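A.B. asks: Listed here are the chains, written in short residue letters.
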Amino acid sequence: MASKDTVIAAHKIEVKHRGNTLGFWLFRQQLKFFGLRGAYFMLAIVAIHYLVFDKDARRRTMSYVRRRFPNAGFFGNMKAVYRLFLNQGQHLIDHFASITGAVSFDLRMENTDIIYKVGAAAEGCVLLTSHVGNWQIAMPCFAHISKKVYLVMRPEDNRAVAESMAVDRVNSQIRLISPEGDFGGAIEIVKVLGEGAVVSMMGDRRYNFDSVRVPSFLGAPASFPYGAFHIAAACKVPVVVFLSAKTGPQQYTVSVSRMIYPVYKEGKPKKDQIAEWVGEYASVLEEFVNKYPYQCFIFHDVWKE
Amino acid sequence: MEQKEQELAEIRKKLKGFIVTGLSLEGVKPEEIKDDTVLFGEGLGLDSLDAVEIVVLLQRNWGVDVKDMNDGRKAFYSIDTLANYIYDHLKK
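Each protein sequence line maps, in turn, to chains B and S.
Heads up: the first sequence runs through residues 1 to 305, numbered per the numbering used here.
Heads up: the second sequence runs through residues 1001 to 1092, numbered per the numbering used here.
Derived by calculation from the structure, the hints in this document are not laboratory data.
Heads up, none of these hints are tricks.
Derived BS3-like pairs: lysine-lysine, alpha-carbon spacing no greater than 25 Å straight-line:
1) S/1074 x S/1091
2) S/1014 x B/270
3) B/191 x S/1091
4) B/270 x B/191
5) B/270 x S/1029
6) B/191 x S/1074
7) B/304 x B/270
8) S/1014 x B/265
9) S/1029 x S/1013
10) S/1067 x B/148
11) S/1067 x B/236
12) B/147 x S/1067
13) S/1067 x S/1013
14) B/270 x S/1013
Predicted, not measured: the structure shown is a model, and the values here were computed from it.
Given only the sequences and the hints, what does the whole structure look like? Please build it.
C.D. replies: Structure, rendered in structure tokens:
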């Protein structure tokens, strides 16, 4: 029989990091002395290295590339993988340049009325984003709503985000909830949502929750975690989907395109209802990757059973 | 002492009912759940998402907030421990 302490033990999440201290230092120097273009130039070479030598990164990217570019052929696929590596690197450089103040970026928001609505409401809300575009650079857009914002992430995975947004400092509006906490941080999420806070989660990251199949994402059934919707339904709060894309050399557009109210109806299995909400989120995601095919950084096979 | 037992029995009964209906447990009747049934993993087989619903359920039905997970972790072990947790909070 399980002991009382192990039944709901915290869940350890393994995340593989790429790059090393010397590499990051070189990029910082390039940025300092040659600006964005200099850093991008070095990135172009580093991305070739990853394309040729990082079999694991290539394999992970291919699951998306095959679905998004089904007729591209071998060279077309490799070109797409390279562009994805390049864009992801550029987004990281942009984020770093932004937080150090080396370069300023124009952040444009679409559907700002939804954000004002969230800020003005007494109830909390789940802000659902994804590994597409540059969510790190978009987060400051939500820093000035008059509510506490909680990011569900491990500080060690996104130190730059935590630093740039003064996360967890005294008087900071932005706090972290660790997904490694009890029940994947769910207890704390429920608590702060009840206090009217905003909780930002990744719609394509499992944390400690299960997934549900949606009928179609880029032409085939796919699995996405449903924790965000289940929590929102239990707490009776809306889910707001926000995605950001690079739309110019120094410009990002943050789109808050959908507000979903997950409310269970009687007579229908909960899981089926959750699948519908997750499907709605997946359709927003699909629209995004159709519009910005090289800004999708979901590097795991969501189509696999 | 006897009154405490009666109150605890009442909480346990309600709790079982809420868990079966609130978590849509199929093929399980509240009266079939034993007091020492483990909630997560083996036992009732609840998962992290069910925990979310239980937290909300405690809040709505008994006004009990799970603030300290050091206590909560032990409380969420079984029907019995959860009922005791609710009782203690109600008596505070």
